[in-house]
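Q: Sequence:
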Amino acid sequence: GLSPCSQARGSNVMSATVVGVFLMVLTISCEAVRTQSRIVRASARMSSLPSVDEVKAADFRRAVAFAPSVCAALEDDDPDVEPVLTAMLGSSDGIRGFFVQYLTDAELQKPDSDEQPRALLNAMEHAPEPVLAELMVMNVVMPIATSLLHVRNGDVAMAESSRLTARRATAIVSATRPTAALTDLRCVLAACDKSAGNAAASVGDPVPVERLEFWKQFCEKWQYDEVQRDLIADVAGALIDAWGA
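Residues 2 to 246 in the numbering used here are what the sequence shown lists, from first letter to last.
Any given hint could turn out to be false.
Claimed, not checked - Taking lysine-lysine pairs in the DSBU-like style, the calculated list, with each CA pair at most 30 Å apart, reads:
(1) K217 x K195
(2) K222 x K195
(3) K57 x K111
Simulated from the structure, these hints should not be mistaken for lab results.
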């Protein structure tokens, strides 16, 4: 018969084999669970993507409710998202509702990638340019001013959230460059830059008076102070310079 030591070694080998098999089965099972979870999440995203008719009829609150599933579809490169997003960006409510999510959700990766999703760029080409451009520039201006306010209040997390929104909005403006956005940026610079006696002249060619007045009133409405306006002017100027305008 086997000695006690030999029996112990055999028992240990058998135990190690059993443990190894168990761990292998456990690993396979966990991976299967993870795969199933991904399938379930993907299925949920597909089923929750609103229809073109739904987003066309949506008001702002409804658009905000639709935005997470649209953004999730963009993250997944879902081929069905482009017509939905095109319809969504066809109205002011849809544009605002979508960008509330796309610019602020820190979990999203596509807004921070080197290139914006092709589906988004294509959809933006069909959006009403004056409306889209105005909202895009607002998405740059407002979080810049708000970030400074949060810094003054000692709220580091909210300041970083506002900076994230501003960075993402700036990237989209840079990637798309609608003509109306350039006009509005020049007006923003003129409205915020106090270094020149004639605000319109401070940005080169004359800017549309009605748009200049709109942005002047916008800054006054939100009570932006001199420091906030200086920050806004710096970003607007940098975007204009990058534009080559």
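Q: Could you run down the list of hints and mark each one as holding or not?
A: Hints, one by one, checked against the model:
For the suggested pair K217 and K195, the alpha carbons sit about 12 Å apart, so the restraint of at most 30 Å is met. For the hint linking K222 to K195, the alpha-carbon distance of about 18 Å falls within 30 Å, and the restraint holds. The hinted pair formed by K57 and K111 meets the criterion: a straight-line CA distance of about 24 Å does not exceed 30 Å.
Going down the numbered hints, you'll see the structure goes against none, and every one checks out.
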